[in-house]
Amino acid sequence: MSRFFIRIAFAMITALMAQSAAASSKQTEAASGTAITPESQACIACHAIYTPGIVKDWQSSRHAHFTPAMSLKLPDLERRMSAPTVPERYAKFAVGCYECHSQNPDAHKDNFKHNGYRINVLVTPNDCKTCHEKEVAQYAHTKKANAIKILLENPVYHALVKSTVGSKTVENGKITVMNATNSTLNDTCLGCHGTKIEVNGMKKITTRLGDMSVPNLTNWPNNGVGRENPDGSFGSCASCHPRHSFSIEVARKPYTCAQCHLEPDVPAYNVYKESKHGNLYESLYHEFNFKAVPWKVGTDFKTPTCAGCHNSLLTTPDGAVIAERTHDFGSRLWVRIFGLPYSHPQPKSGDTTIIRNRDGLPLPTTFTGEPASEYLIDKREQEKRQGIMKGVCTSCHTTAMVESHFEKLDSTNRETDAMVLAATKLMSEAWDKKLEDKSNPFDETIEKLWIKQWLFYANSVRYASAMTGAPDYAAFKNGWWELSDTLTKMRDAIDFKAFLKAGESATAK
Amino acid sequence: MSRFFIRIAFAMITALMAQSAAASSKQTEAASGTAITPESQACIACHAIYTPGIVKDWQSSRHAHFTPAMSLKLPDLERRMSAPTVPERYAKFAVGCYECHSQNPDAHKDNFKHNGYRINVLVTPNDCKTCHEKEVAQYAHTKKANAIKILLENPVYHALVKSTVGSKTVENGKITVMNATNSTLNDTCLGCHGTKIEVNGMKKITTRLGDMSVPNLTNWPNNGVGRENPDGSFGSCASCHPRHSFSIEVARKPYTCAQCHLEPDVPAYNVYKESKHGNLYESLYHEFNFKAVPWKVGTDFKTPTCAGCHNSLLTTPDGAVIAERTHDFGSRLWVRIFGLPYSHPQPKSGDTTIIRNRDGLPLPTTFTGEPASEYLIDKREQEKRQGIMKGVCTSCHTTAMVESHFEKLDSTNRETDAMVLAATKLMSEAWDKKLEDKSNPFDETIEKLWIKQWLFYANSVRYASAMTGAPDYAAFKNGWWELSDTLTKMRDAIDFKAFLKAGESATAK
Amino acid sequence: MSRFFIRIAFAMITALMAQSAAASSKQTEAASGTAITPESQACIACHAIYTPGIVKDWQSSRHAHFTPAMSLKLPDLERRMSAPTVPERYAKFAVGCYECHSQNPDAHKDNFKHNGYRINVLVTPNDCKTCHEKEVAQYAHTKKANAIKILLENPVYHALVKSTVGSKTVENGKITVMNATNSTLNDTCLGCHGTKIEVNGMKKITTRLGDMSVPNLTNWPNNGVGRENPDGSFGSCASCHPRHSFSIEVARKPYTCAQCHLEPDVPAYNVYKESKHGNLYESLYHEFNFKAVPWKVGTDFKTPTCAGCHNSLLTTPDGAVIAERTHDFGSRLWVRIFGLPYSHPQPKSGDTTIIRNRDGLPLPTTFTGEPASEYLIDKREQEKRQGIMKGVCTSCHTTAMVESHFEKLDSTNRETDAMVLAATKLMSEAWDKKLEDKSNPFDETIEKLWIKQWLFYANSVRYASAMTGAPDYAAFKNGWWELSDTLTKMRDAIDFKAFLKAGESATAK
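Chains as they are written, first to last, in our numbering: chain A, 1 to 509; chain B, 510 to 1018; chain C, 1019 to 1527.
Simulated from the structure, these hints should not be mistaken for lab results. Any given hint could turn out to be false.
DEER-style ranges, computed between Cβ atoms [said to hold, decoys possible]:
{"#": "1", "chain 1": "C", "residue 1": "GLY1378", "chain 2": "B", "residue 2": "ASN681", "range": "34 to 44 Å"}
{"#": "2", "chain 1": "B", "residue 1": "ARG571", "chain 2": "A", "residue 2": "LYS291", "range": "21 to 31 Å"}
{"#": "3", "chain 1": "B", "residue 1": "LEU586", "chain 2": "C", "residue 2": "THR1194", "range": "49 to 59 Å"}
{"#": "4", "chain 1": "C", "residue 1": "GLY1409", "chain 2": "A", "residue 2": "ASP359", "range": "41 to 51 Å"}
{"#": "5", "chain 1": "A", "residue 1": "GLN382", "chain 2": "B", "residue 2": "LYS712", "range": "19 to 29 Å"}
{"#": "6", "chain 1": "B", "residue 1": "GLY682", "chain 2": "A", "residue 2": "GLN382", "range": "28 to 38 Å"}
{"#": "7", "chain 1": "B", "residue 1": "GLY625", "chain 2": "A", "residue 2": "GLN382", "range": "48 to 58 Å"}
{"#": "8", "chain 1": "A", "residue 1": "ASP410", "chain 2": "B", "residue 2": "GLY682", "range": "22 to 32 Å"}
{"#": "9", "chain 1": "B", "residue 1": "ARG867", "chain 2": "C", "residue 2": "GLY1378", "range": "49 to 59 Å"}
{"#": "10", "chain 1": "C", "residue 1": "LYS1451", "chain 2": "A", "residue 2": "GLU407", "range": "48 to 58 Å"}
{"#": "11", "chain 1": "B", "residue 1": "GLY542", "chain 2": "A", "residue 2": "ALA292", "range": "22 to 32 Å"}
{"#": "12", "chain 1": "A", "residue 1": "GLU407", "chain 2": "B", "residue 2": "LEU583", "range": "56 to 66 Å"}
{"#": "13", "chain 1": "C", "residue 1": "ASP1428", "chain 2": "A", "residue 2": "ALA292", "range": "57 to 67 Å"}
The list that follows gives simulated cross-link-like pairs (lysine-lysine, DSSO-like), each with its CA atoms no further than 27 Å apart [what the hints assert, rightly or not]:
{"#": "14", "chain 1": "A", "residue 1": "LYS291", "chain 2": "B", "residue 2": "LYS947"}
{"#": "15", "chain 1": "A", "residue 1": "LYS149", "chain 2": "A", "residue 2": "LYS501"}
{"#": "16", "chain 1": "C", "residue 1": "LYS1214", "chain 2": "B", "residue 2": "LYS785"}
{"#": "17", "chain 1": "B", "residue 1": "LYS582", "chain 2": "A", "residue 2": "LYS497"}
{"#": "18", "chain 1": "C", "residue 1": "LYS1192", "chain 2": "B", "residue 2": "LYS957"}
{"#": "19", "chain 1": "B", "residue 1": "LYS942", "chain 2": "A", "residue 2": "LYS497"}
{"#": "20", "chain 1": "C", "residue 1": "LYS1214", "chain 2": "A", "residue 2": "LYS448"}
{"#": "21", "chain 1": "B", "residue 1": "LYS582", "chain 2": "B", "residue 2": "LYS800"}
{"#": "22", "chain 1": "A", "residue 1": "LYS390", "chain 2": "A", "residue 2": "LYS162"}
{"#": "23", "chain 1": "A", "residue 1": "LYS497", "chain 2": "B", "residue 2": "LYS957"}
{"#": "24", "chain 1": "B", "residue 1": "LYS947", "chain 2": "A", "residue 2": "LYS497"}
{"#": "25", "chain 1": "B", "residue 1": "LYS899", "chain 2": "B", "residue 2": "LYS671"}
{"#": "26", "chain 1": "A", "residue 1": "LYS497", "chain 2": "B", "residue 2": "LYS998"}
{"#": "27", "chain 1": "C", "residue 1": "LYS1456", "chain 2": "C", "residue 2": "LYS1466"}
{"#": "28", "chain 1": "A", "residue 1": "LYS168", "chain 2": "C", "residue 2": "LYS1152"}
{"#": "29", "chain 1": "B", "residue 1": "LYS899", "chain 2": "B", "residue 2": "LYS785"}
{"#": "30", "chain 1": "C", "residue 1": "LYS1456", "chain 2": "B", "residue 2": "LYS899"}
{"#": "31", "chain 1": "C", "residue 1": "LYS1167", "chain 2": "A", "residue 2": "LYS174"}
{"#": "32", "chain 1": "B", "residue 1": "LYS705", "chain 2": "B", "residue 2": "LYS943"}
{"#": "33", "chain 1": "C", "residue 1": "LYS1167", "chain 2": "B", "residue 2": "LYS785"}
{"#": "34", "chain 1": "C", "residue 1": "LYS1519", "chain 2": "B", "residue 2": "LYS1010"}
{"#": "35", "chain 1": "A", "residue 1": "LYS433", "chain 2": "B", "residue 2": "LYS582"}
{"#": "36", "chain 1": "C", "residue 1": "LYS1397", "chain 2": "C", "residue 2": "LYS1180"}
{"#": "37", "chain 1": "A", "residue 1": "LYS448", "chain 2": "A", "residue 2": "LYS379"}
{"#": "38", "chain 1": "B", "residue 1": "LYS899", "chain 2": "B", "residue 2": "LYS683"}
{"#": "39", "chain 1": "B", "residue 1": "LYS943", "chain 2": "A", "residue 2": "LYS501"}
{"#": "40", "chain 1": "A", "residue 1": "LYS501", "chain 2": "B", "residue 2": "LYS658"}
Predicted model, so just to flag it, every value in this text is computed and none were measured. Here a beta-carbon is modelled for each residue, glycine too, at the ideal position from N, C-alpha and C.
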C-alpha cells in the first residue's frame, strides 16, 4: 500500500510538471512521434498510474498516432475524418484526452474542475462532430439516435416495457405491476436504447489519490445507442467504437452489433453465426484486414460482417466504390423485418413516435396488418435502398442469385405476417370473449403468447431468411416450430380460460 | 456510374481478347505461376470487376496454385485428389472457373451460353468427381446424399415437416395447417437437407453489364447436403467446402458442421463448445495447422474438431495412419444417437425410406423401442466402426479411459430411451382416451410435448454424453430438467384435456 | 496393421533402453535443452507412438522447458511455482510424465505397475502441491473443492438433484422418480461438481501393445472441480489447466470457465459475451498476451476475462501489483448472486453443508429471504473483498463509474429478490391449499415454475447486471420477461389446480 503513496506523490509531481509544460506550450511526443498537447500529457501523467488500462488502450489507437492535419492530407477514400477542416489548435497534435474531454464546455452540465483542468466526464457525438461531422449528422436522423424516445414516449411500447421489466408484487394472490426502476431499465431496455444521463450536483468520492469532488451522474455508466447526454445530444459513438481506442476493427466485427442484436427479439447475430457468411467469418477472419479504409471486397475480407453489408465504405480491390460509408443505419434497408407487429416498409423518420396507424395507434401497422403508409418509405425509396444493398451482394454473387434471395425474403415476410395474423385472430377471440383485458395488451397469459408470436418467432424467421440462412434457427430453435406451437398454446389457453369462466358463472348462479 | 461504363467497356475488350487467346491456346499464369486456361482467363477478366469477391477467393485457393498434374506427383498421404488420372486437357492448368463450370454439359439442364461460352450455373458432385472420385463415391451412399428423400418421401417425417413449417390459418377459432411453401422449406428443413433445383426455362436479368438471359432456377440459392441438382446428382460439395476457395480449413473448423448440427434437435456444436475438446479448440486453434494433409495429431492440432473425429485422414506425427479419410460420414459411427424416437444401431443404407419397423412404419424403432434390426447394422459392423473411432480417441487417451467413456454413453442411451418410453406411455394414454388424434401424431398439444421429449431433450443428453461432456447442457439447458419437466407437463395436459372432455360430455347430457 | 507391430517392437526396445538409461541416471534433453528424467524418457518412448497427442501437448508446455530450479530463480512476480523449494530429485529436470504420475504412491489407491514403473493413473492437487503449494492450499477451502459434498450431502440440494436427473418411469399413468445413476450424475451435475473416483480392483484391457492390467476406476473420466480422488484429495487442477500442457493461457481464456458457468442457472459466460468486456475480448484477444506472468493491464490485455477479474495476478504496465493471484475463487466476491433462493453475502466456509437458516434448513436464506447471517461473511469482510475487486475495476475505470456500477448491482439484487419473494408467495399459496406437496419442493408443476424463477431467471438478471451488462439477456432472453411471465404462469397453474381439485371434490360428493 505504501508503495502506492510513493507512486501517488510521483504522479502529482509529474502532473504539476506537465501543467507548467502546458503553460509554455512545449510539445512532447507520443510513441509514434506524434505530438501530444501539454494538457493531455498532464492527464496521462496521472492516469498512466491510476487507470493504466485506458491510457494504454488510447496509446494503441489511431488517435494517438495520427493528427487531424495528417488525416486531411489523405485521399478521400482513405480518410476517416469527414470534417473538411479542424480548429487550428487541434490540427498538429494527437487526438488526446484533453482534446476530446474539453470540447464545448458550456453545453456540458457534466463539466467540472479536475486537478486544474475543466473537463467533461462524457464525450458525446456533439464533441466527436468536430472531426467526424458527416457521421454525426447521418446518425442524428436514425432510429438509433431516437432510441429512448421511441421506447418511452410511445405509450404502446412504454406499456410493453412496464409490463415486462416493472417489478411485481403479490398480495393476497394478486400480481401487481409497478413502474420499472431506472436501475432495471439500465440493466435491460435502456442498456441498448440508452439512458438519460443528468447531473445531480457534485459528489465526493474517495480515490487512491484522496477525496475528490465529481459530477453526480444519474443512470450511468451506460453506452446505449440513443443515450441522452448532459450536453443535450443523443447517442454515444462509444456504443460501437468503444473507448479509448475507438477502433474501426471493433466496430466492424460482429461482436459489437451482437451486444444488442440478439435473440429472442432481434436475433441478427444468432442467425448470422449459422449462415454461410457467419461460418466463413468465424473460420477465416484471422486472415482479414479489419483496419483498412476503404474496405476492399475480396482483398481485405472474404465474407461480410454486419458492418460490411450495412454501413462500411466498400470498394473493389482496385478501388471502385461499391457502397458509400454511412452512419444512417437504415439507408441500405427497405423493409423493416422487425415486426410491429407485422413487417413493413422502413419508417420515413427515425422518430417513430409520430406514426399513427388507421386505428390511431402509434404503430407502423394495424393489428390486422395494414401499414401506416403515410409514415413509411414509398416503393421508389424502397427500390433505391434495395439497389444499394444489391450492389453489395453482387460484389460476390450473381444478379440472378441475389434476386432469388430477395424474392424468398418477400415470401417469408408474407408467410410470417400470415402467422402473426393467425395469432392475432385468436387474440381477438380472447379479447372479444372478455377472457383477457385489451386495455393493456401485454400483461396476461394469452397476450404474452401473442407477443412471442410476433416479437420473437416471426422476427426470428425473417432475420434467418434475410441474413442468408439459419435453417435450424428458422425451423426449430425460435422459428416455425414455435410459430405453430404458439397457436396451439393460444387455442388451449382460450379454451381453458373460457371453461374456467363458464364454471365461475355457473357457480355464481 | 459513368466510371462503371468505362470499366464495362474495358472488361468487354479484355474478355474478347481472352477469347481470341483461348483460340490460340496461349497459356497465361496465376499469381503463383500456375497456368490458367484461356477460357478461365476470360471469366476472370469480367468477374474480377463484377464479382471481385469470388475471384479473389478463388485466387487464394489451392485450385489456383496447384494443377492436377502437380497433385498426382505427391505422396499418397499428402494428395487431396483421389482420381488416379485426369483428362489431359486439365492436367497442366490451375483448376479455374471454366474447368469446373463446363463439366458434363449434356447432363446439366442449367447449361447455357454466357458471353460466348457454354457453362453450367451449378457445379455438382458429379463434376467434382473428375478429380475427387473417391470422395464423391463415398458420399453418394450417405444419409446426407439422401437427405431430401429421407425427409419428404418418408410419410412419417413428411407429416412432421408439414405440421411444423406448414403455414396455418385461423378461421372461426380453428387452426388449419397448409402445405409448406418451397420458400419456407428452403428457409428451414431443406436449408440443411437440400432443395430440388430445377430449370424453368430462361429468364432475363438486368446487370451492370446490361440485360442477360440466364437459366431460371427453382429453390435456389441452396447448399443443403442432399440438394438435387439439375444434372440429376445429389449433394453440394460447397456445403462444407464453400466456394470459391473450397478450403479444407473451413471444412475442418467446427463452424461448418455448426450450420446445421445445432440445438435443439441435433446440438452437436452446442455440446462440443461446452466440452473440454471444445474449450481447447477455442483457446488454442490459432496455433493449429488446419491446412496440413495428412492431419497430424499433436503436431497439427491438439484437440479434435468435428472433422478430426468423424472424417479427416489422421496420422501420428511421424506419419503412421490413425484413421483413413472418409466422406462416408457414418463410417466411424455405430449407434445413431439421433433418436427416431429411440437410439438405435446406424442404418445399413443411407436411404432410410426403405426401413419398416415391426408396426409397418418407416421408422428404425417402434414406438415402444424395438429396433427394426433387419435394416440396421449388426453387432460386428458396430464393433468395426467403434474400433475406428477408438483408434482416434486413443491417439490421445488411454484405452481404459476411452472404454469407460463409451460405457457411459451406452448407459446414457439406455436411460434416455427409458425417458422416451415414459413419455410414450403418457402419449398412448392420451391417444387411447381420445384426447388427441393419433392419425397425425405431430400436431396437437400433448403430441408436441412428446416430440420435444425425443427430438430435443433425449437427443441433447445423448449428444452431450457422446461428445465428452456438456454437463450444464445435459442437466438444465435442454437435458434432464426438460426430460423430467416434459413428463409433468404431459401429465398435466392429459388431466386438463380429460377434465375438459368430461365437462363437455357432462354438459352434453 | 503389420506396420503397427513393427512399431510396437521398436517402442518396446526403446522403452527398455530408456529403462537401462534410467538405471545409469544418464540425462537426455527435451527440445529446449531441458533434461528429462530417464523414467519420463521411458514413458515418452512408448507414448509418443501410442498416445502421441498428449506427448506433443506436453512437449509444447512450460513443464517441458522449465525446471523447478529455473523457476526458483525468477523474480517473485514472474514465478508460477509457489513452493519455496522442491525435492532435490526434481530440481534440475523438466516436469515430466513420471515426476507427476509417481507422486505419493502410498496415498494413491490407483497406483499400479505399468511396464516396470509404479505410477498413479490420476495426478491430483495433493501431487501438484509439491511445486504449487500455495494454490493448492487456497483451493482447498473453496466451494469448488467442496463441490460434491455441497451437492450430495445437503438434503435439500440432493432432493433437487434427484428430482431433476433421476430417471422416471410411468406405470398406470403415474410418474415415479428413481435415484440418479452414477453415469447420469457424471453426465450432468457431477460433470462440473466432480465425481467420486474409486478403485474397484484391476481390470484387463486390450491395447495395441497387447493385454494389460490396469486399475478399474469408477466414475471416470471426470474433471469436475470437486472430484474426490483415489488419494483422498479433492479437485482436479486439470479442470482449468487441462492436461498435458497445463496452460495458463487456457485457464485465462473464458472458454474454460464457460464449460460450467453457463445458462440457464449460472449464465456468467453468456452475459460476458454480450457485455462490452466480452465484445472487446472477442474482437481483440488475438492481440493479447495470455502467457505473461504477471498479467499487465493495458499491455498484456485490454479487457478482462473471467480470470482477470476473479483470480489472476494483475499489475500495472510498470509492475505495481493491482491484485494478488488467488485460487480461492470467492476471495474477490462479497455477495453471492447465485440465489438460494435469494442473493446473500458469501458463505464463510467453502463447506456450505454446515449452514442452517432460521427455519433449520441447510440454506443460506429462508424462503422469505432472511439470510443465515451467522454462516455468512460480515459487512467488514464484504467491504474488504469488494475493495479488491474495485482495485481491479479502477485500473481502467474511474472510481465514480465503478461505484455507480456496484450501486446498480445492489439495486438489481434487491429487485430480483423481490421477484423471487413474489413467486414464493404464490408457491406458499399452492402449498397451503394442498395443490402441491411441500415435502419434496422440487417435483411438481408449480414448484418447477418457482425453481425457474430463482435458479434461472433471477440469477440471470443478477449475472447480467454484475458482469457489466447484457441487456437483451436481462430483458428478454432469460431475464425480466421470464421473471414476469413465470408469475403469470404460476397464477394460472394455481387456478387450474384449484379448479380441478374443486371439481374432483364436487364429483366425490
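Consistency of the hints with the structure:
Distance hint for C:GLY1378 and B:ASN681: a CB-CB separation of about 57 Å, inconsistent with the stated range 34 to 44 Å. A C-beta distance of roughly 27 Å is found between B:ARG571 and A:LYS291, which places it inside the suggested range of 21 to 31 Å. With their beta carbons about 56 Å apart, B:LEU586 and C:THR1194 fall inside the hinted range of 49 to 59 Å. Against the hinted window of 41 to 51 Å, the Cβ-Cβ separation of C:GLY1409 and A:ASP359 comes to about 56 Å, which falls outside the hint.
In this structure the supplied range 19 to 29 Å holds for A:GLN382 paired with B:LYS712, their Cβ-Cβ distance being about 22 Å. Remark: the range hint 28 to 38 Å for B:GLY682 to A:GLN382 is upheld by a beta-carbon distance near 36 Å. B:GLY625 and A:GLN382 have their C-beta atoms about 36 Å apart, which leaves the hinted 48 to 58 Å range violated. Under the hint 22 to 32 Å, the C-beta atoms of A:ASP410 and B:GLY682, about 30 Å apart, fit the expected range.
At roughly 55 Å, the beta carbons of B:ARG867 and C:GLY1378 sit within the given window of 49 to 59 Å. As the Cβ distance of C:LYS1451 to A:GLU407 is approximately 57 Å, the hint placing it in 48 to 58 Å holds. Range check, B:GLY542 to A:ALA292: about 27 Å between beta-carbon atoms, so the 22 to 32 Å window is met. Checked against the given bound of 56 to 66 Å, the beta carbons of A:GLU407 and B:LEU583, roughly 45 Å apart, lie outside it.
The beta-carbon spacing between C:ASP1428 and A:ALA292, approximately 45 Å, falls outside the hinted interval of 57 to 67 Å. Annotation: proposed proximity of A:LYS291 to B:LYS947 is violated, straight-line Cα distance about 59 Å (limit 27 Å). With a CA separation close to 40 Å, the supplied pair A:LYS149 and A:LYS501 exceeds the 27 Å bound. Pair hint C:LYS1214 plus B:LYS785 holds up; C-alpha atoms about 19 Å apart against a cutoff of 27 Å.
For the proposed pair B:LYS582 and A:LYS497, the alpha carbon gap of about 76 Å is over 27 Å, so the pair is violated. Taking the CA atoms of C:LYS1192 and B:LYS957, the gap is about 20 Å. The hint holds against a cut of 27 Å. About 23 Å separates the Cα atoms of B:LYS942 and A:LYS497, which keeps this hinted pair within 27 Å; it holds. Under the criterion of a C-alpha separation no larger than 27 Å, the hint pairing C:LYS1214 with A:LYS448 is inconsistent with the structure, at around 45 Å.
With a C-alpha separation of about 19 Å, the suggested pair B:LYS582 and B:LYS800 falls inside the 27 Å cut-off, and the hint holds. Only pairs whose Cα atoms come within 27 Å are accepted, and A:LYS390 paired with A:LYS162 is rejected, the gap being roughly 40 Å. For the proposed pair A:LYS497 and B:LYS957, the alpha carbon gap of about 21 Å is at most 27 Å, so the pair holds. Taking the CA atoms of B:LYS947 and A:LYS497, the gap is near 26 Å; set against the 27 Å cutoff, the hint holds.
Under the criterion of a C-alpha separation no larger than 27 Å, the hint pairing B:LYS899 with B:LYS671 is inconsistent with the structure, at around 40 Å. About 18 Å separates the Cα atoms of A:LYS497 and B:LYS998, which keeps this hinted pair within 27 Å; it holds. Restraint check for C:LYS1456 and C:LYS1466: satisfied, since their Cα atoms lie roughly 12 Å apart, inside the 27 Å limit. A threshold of 27 Å between alpha carbons decides the hint, and for A:LYS168 with C:LYS1152 the separation of about 47 Å lies outside it, so the pair is violated.
Distance hint between B:LYS899 and B:LYS785 is fulfilled; the C-alpha atoms sit about 18 Å from each other, no more than 27 Å. Restraint check for C:LYS1456 and B:LYS899: not satisfied, since their Cα atoms lie roughly 48 Å apart, outside the 27 Å limit. Restraint check: the Cα-Cα separation between C:LYS1167 and A:LYS174 comes to about 40 Å, which exceeds 27 Å; the hinted pair is violated. Simply put, B:LYS705 and B:LYS943 have alpha-carbon atoms about 39 Å apart, too far for the 27 Å limit, and the pair is violated.
Using a Cα cut-off of 27 Å, the hinted pair C:LYS1167 and B:LYS785 holds, with the two alpha carbons roughly 23 Å apart. For the suggested pair C:LYS1519 and B:LYS1010, the alpha carbons sit about 16 Å apart, so the restraint of at most 27 Å is met. Proposed proximity of A:LYS433 and B:LYS582 is contradicted: the alpha carbons are some 79 Å apart, above 27 Å. The suggested pairing of C:LYS1397 with C:LYS1180 is violated, with an alpha-carbon distance near 36 Å, which exceeds 27 Å.
Under the criterion of a C-alpha separation no larger than 27 Å, the hint pairing A:LYS448 with A:LYS379 is inconsistent with the structure, at around 34 Å. Our distance criterion of 27 Å between C-alpha atoms is broken by B:LYS899 and B:LYS683, whose separation comes to about 54 Å. Distance check on the hinted pair: B:LYS943 and A:LYS501 sit about 25 Å apart at the alpha-carbon level, within 27 Å; holds. Restraint check for A:LYS501 and B:LYS658: not satisfied, since their Cα atoms lie roughly 48 Å apart, outside the 27 Å limit.
Going through the hint list in order, the structure does not satisfy hints 1, 4, 7, 12, 13, 14, 15, 17, 20, 22, 25, 28, 30, 31, 32, 35, 36, 37, 38 and 40.
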